[in-house]
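**Q** What follows is the residue order along each chain.
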Amino acid sequence: MVRILPQTKAAAVNPLKSSQPLGAALAFLGVDGAMPLFHGSQGCTSFALVLFVRHFKEAIPLQTTAMDEVATILGGADHLEEAILNLKARTKPTLIGVCTTALVETRGEDCAGDIANIRLKRREELAGTEVVLANTPDFDGAIEEGWAKAVTAMIERITRPGEQARQSKKIVILPGWNLTVADIEHLREMVESFGLKPVILPDVSGSLDGTVPDRWVTTTYGGTSVEDIRELGMAVQCVAIGEHMRRPAELLQRLTGVPYVLFRSLTGLKDADRFVSLLSAVSGAAAPAGVRRRRAQLQDALLDAHFHFGGKKIAIAAEPDQLYQLASFFIDMGSEIAAAVTTAAMSKILEEVPAQSVQIGDLGDLEALGAGADLFVTHSHGRQATQRLGIPLMRVGFPIFDRLGSQHKLTILYQGTRDLIFEVANIFEANRHASTPEALDPLRKREMPDELRPSPLARH
Amino acid sequence: MSLLRAKIQDAFNEPGCEKNRGKDAKARKEGCSKPLTPGAAAGGCAFDGAKIVLQPITDVAHLIHAPLACEGNSWDNRGAASSGPTLWRTSFTTDLTELDVVMGQGERKLFKAIREIKEAYGPPAIFVYPTCVTALIGDDIEAVCKRAAEKFGLAVVPVNAPGFVGSKNLGNKLAGEALLEHVIGTVEPDDAGPYDINILGEFNLSGEFWLVKPLLDRLGIRVRACIPGDARYFDIACAHRARAAMIVCSTALINLARKMEQRWGIPFFEGSFYGITDTSEALRQISQLLVKKGADPEILGRTEALIAEEEAIAWKKLAAYRPRLEGKRVLLNTGGVKSWSVVHALMEIGIEIVGTSIKKSTVEDKERIKQILKDDNYMFEQMAARELYAMLSEHKADILLSGGRTQFVALKAKTPWLDINQERQHPYAGYDGMVELVRQIDLAIHNPIWCQVREPAPWDCQPAVREELPRVKNETATLHVVQEFAGTTAGDFGEC
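Residue numbers (my numbering), protein chains in the order written: chain A, -18 to 441; chain B, -3 to 492.
Hints are supplied without guarantee of correctness; some may be wrong.
Claimed, not checked - Calculated pairs, DSS-like style, for lysine-lysine (alpha carbon to alpha carbon, straight line, at most 30 Å):
#, chain 1, residue 1, chain 2, residue 2
1, B, K410, A, K390
2, A, K(-10), B, K105
3, B, K114, B, K142
4, B, K142, B, K108
5, A, K73, B, K392
6, A, K390, A, K329
7, A, K178, A, K150
8, A, K38, B, K410
9, A, K329, A, K293
10, B, K392, B, K410
11, A, K38, A, K73
12, A, K178, A, K251
13, B, K392, A, K38
14, B, K410, A, K73
15, A, K(-10), B, K108
16, B, K105, A, K329
17, B, K142, B, K3
18, B, K313, B, K392
19, B, K147, A, K(-10)
20, B, K142, A, K(-10)
21, A, K(-10), B, K114
22, B, K147, B, K108
23, B, K255, B, K289
24, A, K69, B, K410
Said to hold, decoys possible - Ranges between beta-carbon positions, derived for each pair:
#, chain 1, residue 1, chain 2, residue 2, range
25, B, K392, A, K73, 20 to 30 Å
26, A, F403, B, E390, 43 to 53 Å
27, B, R104, A, L(-14), 15 to 25 Å
28, B, E451, A, R273, 37 to 47 Å
29, B, P31, A, K73, 19 to 29 Å
30, A, R141, B, R325, 52 to 62 Å
31, A, T192, B, C447, 12 to 22 Å
32, A, F403, B, D438, 31 to 41 Å
33, A, R35, B, A2, 34 to 44 Å
34, A, T192, B, E390, 14 to 24 Å
35, A, E333, B, P31, 46 to 56 Å
36, B, R325, A, R273, 52 to 62 Å
These are calculated hints, taken from the structure and not from any lab test. The beta carbon of each residue, even a glycine, is placed where N, CA and C say it ideally should be.
With the rest of the complex left out, here is chain A (with noise of 0.2 Å):
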């Protein structure tokens, strides 16, 4: 049974989050036509814009109300009523996801209640264009909770409730926020060889993925089509990836009655031929011939690579989901966790997280818990840890600034993990040590069963 221990430092060391609002951000960013709005002052935007564009290499929209020392005093939804309409006027969006932050929040306004009657007011101005608020402040979650939060916001405010006429051909999948470009890319591919068609939301394979547009766009290019949240209850199936995707799931089934799946990760072989099982049940049609080879290479690489996997000691910092997803992986691999860091306390996937213990905590205390380690695994901001203790870094989730086309790698179903394996593999045959026979010699460092241990008094 997996402890957690809470935090009880005053002083975070290298936080391991970034903040909620982001979070919600990057789900609307996998909206076609959308604008994320931070309710807060600049520099909330401004910090979180930076961040994006350091880990995507894109311009990224994303905009503030600008809350001034005027507006922290008196209320900011004059504020939050100019930005909507100078966005809307400008940029001409399908969607403006409003985020809130610790600002207005602290402040206590009441946000709901100012984007209704900002929409009453301003009906014709706003006409063709949705206003969904995400309640974030920073001093609360993570990513994770943000990008949940949104997608939740997304269906309550967009999705026409009611049981309708169902497609039979039509699953909705809600992807967890740590899903790459490549993995949503992979799993589209994968649900439509089967004959059906997915719904994605969100999908950031349509607006995140680098490319060149012919023209210069302000919204984002691509994504889930605010059409597509609209008619998600026709849908036969919905597919939940994460434990944070169970409320927005169990949210779309009250409203429109689309019974949801949720499947905690996608990574690894029993989770990947799970997934393929409810394909084949949902369309009556047996697994193609791709995913069968696919299912064989991995196969294949569990045999290829377990060699370098066996007693390795991993230690990972990630948000919930994503710790359980790698340490799951890492455990069917034959290695062991040294050290399990989350952010937040409150998500019931940390029970399954296999492990001895999981500290909530940041990268002072992976560095401090994981220093024996044989690899890190987290963000870009490992790097200081990592190059003090002089191990290897695998960088996952969010932010990745240091290297490049991480959102085209794949991490998920046969592939993805054949993927995963094939990169830790690398990177311990990277970071291997030549025997000296200094490190051989038996009788230096001799580890020596209790039992045997001279006193230390009789050591001479």
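Knowing the structure of chain A, use the given hints to seat chain B on it.
**A** Just chain B, lined up with the frame of chain A:
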């Protein structure tokens, strides 16, 4: 807060600021920050600005008293370099939770955090930055810092610049005020000498100050404190004993320079290490100020000798780029590395300036720009991304020199781009830095990818060769076609 108000007013009243001097009393009182437009604003907040200025002080622990986003979304994101301590790159934040905010535990948590940092890292000083939320809930940062300093026996410096009070630029100035109030002059050096100077507003991005410091060393000039680039806390605490100062990024720390002159009689000048003539002028002025303050006048001759030597080498290196860059058109969109001397050096080797932003320029600057630009060229206050994109798409410039904000405008318009703002990867200061800048422009413009990315997709525009296929009659021609398809150069299909 009333104290903070006064400081902000004071910053807006800055008589050292050239722009400010041009305003009447009423305009000055209104301050420099233009009101932001919700939904159409860009740029960092005052906290961002304050942290930018102070964070490069390398041996200090920088503690951000705030909910997560202020630090969690922004740490380890600037390219300042340190020649020693790395503590400045370790991130510390109180990471306030909902419970902390609701229960009013902010001050206690801050005090504890200071203790933890002191015990684990033992830095000479801890800088504490409140932000919007901690200012809003009324945490008394000054009191906590004072108490902690007494209790733990180290300097604990409050940097009061919460985000909502204004822009990044205002934050820069408030950071300067914090140094004046709490750091500079708190330690007496035992080695003050006649050749000691301060460099203010130099951030040592990509380590570029190390391209300049050896020149000063050669002249026997000692940098008492470079604020903030590669600085140590005690250097700054002793900075009041320098004989002269140079201010590099004038908009950021002009108030600091002026007040140090007022308080400790340290004369200063505004200069730049960007460009050849400006670097020479800076060295010249430093020596002159030192002589005025009592240094041996022989340094003037040595300075001129060094300048002559270095300039000759630099111009010779630059001349090598003339054949490759002559007639190339540069568009400048930045308030950063844009001293006149950079423009001068670029023009000297035959590069044309086709346009420039004048957002941060003074009236004097604008006059100079008008003289430099030809009739059909233009200057702009601020160009919307869409406009800039259109201009670049029509190939009205061969390269855009700007900051990260417009990086993707250029790249998506398939136009070469060079970062000359804070995230830049290469050092551009001093004589060698100017050569490096030109080298980077050359590399950017002449990279072979430009031909490739501009190539139309085969399905949009069938290569001419394909059309010839049916007309192929004899075997030699077929062979020719096959070779063209197999060819490795994009030139076979395109114009480049």
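**Q** Now look at each hint and say whether the structure bears it out.
**A** Evaluation of the provided hints:
1. B:K410 with A:K390: 25 Å, holds
2. A:K(-10) with B:K105: Roughly 9 Å between the alpha carbons, so the hint for K(-10) of chain A and K105 of chain B holds.
3. B:K114 with B:K142: 15 Å, holds
4. B:K142 with B:K108: Distance of about 14 Å is within 30 Å: holds.
5. A:K73 with B:K392: Between K73 of chain A and K392 of chain B the Cα gap is close to 28 Å, so the pair holds against 30 Å.
6. A:K390 with A:K329: 27 Å, holds
7. A:K178 with A:K150: 6 Å, holds
8. A:K38 with B:K410: 15 Å, holds
9. A:K329 with A:K293: Within the cut-off at roughly 27 Å; holds.
10. B:K392 with B:K410: The hint holds at about 12 Å.
11. A:K38 with A:K73: Roughly 24 Å separates the two Cα atoms, so the pair holds.
12. A:K178 with A:K251: Distance of about 24 Å is within 30 Å: holds.
13. B:K392 with A:K38: With a Cα-Cα distance of about 24 Å, the restraint between K392 of chain B and K38 of chain A holds, given a limit of 30 Å.
14. B:K410 with A:K73: Holds, at roughly 25 Å.
15. A:K(-10) with B:K108: 8 Å, holds
16. B:K105 with A:K329: 28 Å, holds
17. B:K142 with B:K3: Roughly 19 Å between the alpha carbons, so the hint for K142 of chain B and K3 of chain B holds.
18. B:K313 with B:K392: 28 Å, holds
19. B:K147 with A:K(-10): 19 Å, holds
20. B:K142 with A:K(-10): The given pair, whose Cα atoms are some 22 Å apart, holds under the 30 Å limit.
21. A:K(-10) with B:K114: Roughly 13 Å separates the two Cα atoms, so the pair holds.
22. B:K147 with B:K108: 12 Å, holds
23. B:K255 with B:K289: Holds - the C-alpha atoms of K289 of chain B and K255 of chain B are around 18 Å apart, at most 30 Å.
24. A:K69 with B:K410: Holds, at about 28 Å.
25. B:K392 with A:K73: 20 to 30 Å: 27 Å, holds
26. A:F403 with B:E390: 43 to 53 Å: 45 Å, holds
27. B:R104 with A:L(-14): 15 to 25 Å: 22 Å, holds
28. B:E451 with A:R273: 37 to 47 Å: With Cβ atoms ~38 Å apart, the hint holds.
29. B:P31 with A:K73: 19 to 29 Å: Distance hint for P31 of chain B, K73 of chain A holds at roughly 25 Å.
30. A:R141 with B:R325: 52 to 62 Å: Holds: the Cβ-Cβ distance is about 54 Å, inside 52 to 62 Å.
31. A:T192 with B:C447: 12 to 22 Å: 19 Å, holds
32. A:F403 with B:D438: 31 to 41 Å: Hint holds: Cβ distance 39 Å, inside 31 to 41 Å.
33. A:R35 with B:A2: 34 to 44 Å: 37 Å, holds
34. A:T192 with B:E390: 14 to 24 Å: With Cβ atoms ~21 Å apart, the hint holds.
35. A:E333 with B:P31: 46 to 56 Å: Holds, at about 51 Å.
36. B:R325 with A:R273: 52 to 62 Å: Holds, at about 57 Å.
The structure agrees with every numbered hint stated previously.
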